[in-house]
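Number of protein chains: 2
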Amino acid sequence: MAEQESAESIRPKMQVMLAVSHSIKGYPKPSVSSRNALDWILTKLLRPCCKKEYKILIFHVQIPDEDGYEDMDSIYTTVNDIRSHHKTEKQKGLALLEYFVKRCNEAEVDCEAWLSKGDPKLVICKEAKERQPDLLVLGSRGLGTLQRMFVGGSSSYCAKNAPCPVVIIRRDPSETPSDPLDD
Amino acid sequence: MAEQESAESIRPKMQVMLAVSHSIKGYPKPSVSSRNALDWILTKLLRPCCKKEYKILIFHVQIPDEDGYEDMDSIYTTVNDIRSHHKTEKQKGLALLEYFVKRCNEAEVDCEAWLSKGDPKLVICKEAKERQPDLLVLGSRGLGTLQRMFVGGSSSYCAKNAPCPVVIIRRDPSETPSDPLDD
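Chains as they are written, first to last, in the working numbering: chain A, 1 to 183; chain B, 1 to 183.
Just so you know, these hints were derived from the structure itself, not from any lab. A quick note: this is a predicted structure, and the numbers were derived from the prediction, not measured. Each hint should be verified, as a subset may be incorrect.
Unchecked claim - BS3-like cross-link-like pairs, simulated, lysine-lysine; straight-line CA separation at most 30 Å: (1) LYS55(B) with LYS44(A); (2) LYS55(A) with LYS29(B); (3) LYS129(B) with LYS102(A); (4) LYS51(A) with LYS87(B); (5) LYS126(A) with LYS160(B).
Unchecked claim - Which bits of chain A does chain B cover? Going by a derived footprint, with three or more residues having C-beta under 8 Å, they are: (6) 36-48; (7) 160-167.
As the list claims (entries may be wrong) - Selected chain B positions facing chain A (Cβ under 10 Å, derived; list incomplete): (8) ARG11; (9) MET14; (10) CYS50; (11) LYS55; (12) PHE59; (13) TYR157; (14) LYS160; (15) PRO163; (16) ILE168.
Built from N, CA and C at the ideal position, the CB exists for glycine as well.
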């Protein structure tokens, strides 16, 4: 019995992966669905008595410029202009991650955060394949009409294609912000 | 800080709901996908250091006679015949639940188990609505060609319609039993 307990106590941390997005208003405001997903992790999944047994892997997928709207009118005349633009994009992404890392720090839960680039649904599945988390958590706006938007569309794809268990934290329709831009 | 810790320590148990099915071979053998789902709960989700903080709600939905194959040739001549058939069906269901309850007992995790009747996907969503678990766990055979079967078909429906977060434990194709009846 003592042996069994000892074997159990060295079980590796539960790795919980969370893909986060910014609100429709843009960086650095996190989307309501991503905040909901972190809330669920911190208040439901994690047990306060063994916080040390979890690690939250947080990442944000930035969509390459050709799919974006910001900076569409920018004219780049030098390589430095382009480099500076990339740096700005990265800084915006980092500012978004900051919100999530700060909340994990406040909750005293181990975390790791990074930025990726590409088609969100494909990158999320690729990251899950590489990191093999015990659980992938995705927020979803839970609205059929908005399912084309970042998280909604990605979450159903990932639920079917990610190589690990996926939990989608759907938002209750009553939680829809009165100003859609707050989403 | 002490107050905060105290508030955290009285957080209610995490209620994890698990819908289980029997193997294609029939009662009382549990399906591979249901066993996988319980394995994930016991080895990944539950942290050994705070087992007391979880409660597993296990139920099995029995499909009413008109959809079954067993007892198709039975002829009921008395009310007692029918009652006896119902009793048998119930006993078979209970024998299936026994496997899951036994494993929870062995793992020293609080659980509760019951039988329901009806269309599995609708009943699963109804039970989730009534019990409001923190997480609904469903096993899935993970095979497109078998998705019409009990769990596969139900799991995607429940992921979209259950009023709580749903995690689907898909089986790796390599885990497919060589004898399909062992499924």
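Each hint tested on the structure:
1. LYS55(B) with LYS44(A): holds (13 Å)
2. LYS55(A) with LYS29(B): At roughly 36 Å apart (the allowed maximum being 30 Å), LYS29(B) and LYS55(A) break the hint.
3. LYS129(B) with LYS102(A): violated (33 Å)
4. LYS51(A) with LYS87(B): violated (46 Å)
5. LYS126(A) with LYS160(B): Answer holds: LYS126(A) to LYS160(B) is near 24 Å, not above 30 Å.
6. 36-48: Coverage by chain B holds for the region 36-48 of chain A (6 residues, Cβ < 8 Å).
7. 160-167: Holds, because 3 residues of the region 160-167 of chain A bring their Cβ atoms closer than 8 Å to Cβ atoms of chain B.
8. ARG11: holds (6 Å)
9. MET14: Hint holds; MET14(B) Cβ to chain A Cβ min 6 Å, cut 10 Å.
10. CYS50: Since the shortest Cβ distance to chain A is 4 Å, the answer is holds.
11. LYS55: violated (12 Å)
12. PHE59: It is violated, given that the least Cβ distance between PHE59(B) and chain A is near 20 Å, above 10 Å.
13. TYR157: Interface hint status for TYR157(B): violated (13 Å vs cutoff 10 Å).
14. LYS160: With a closest approach of 8 Å, the LYS160(B) hint holds.
15. PRO163: Holds. Min distance 8 Å.
16. ILE168: Hint on ILE168(B): holds, closest Cβ of chain A at ~7 Å, below 10 Å.
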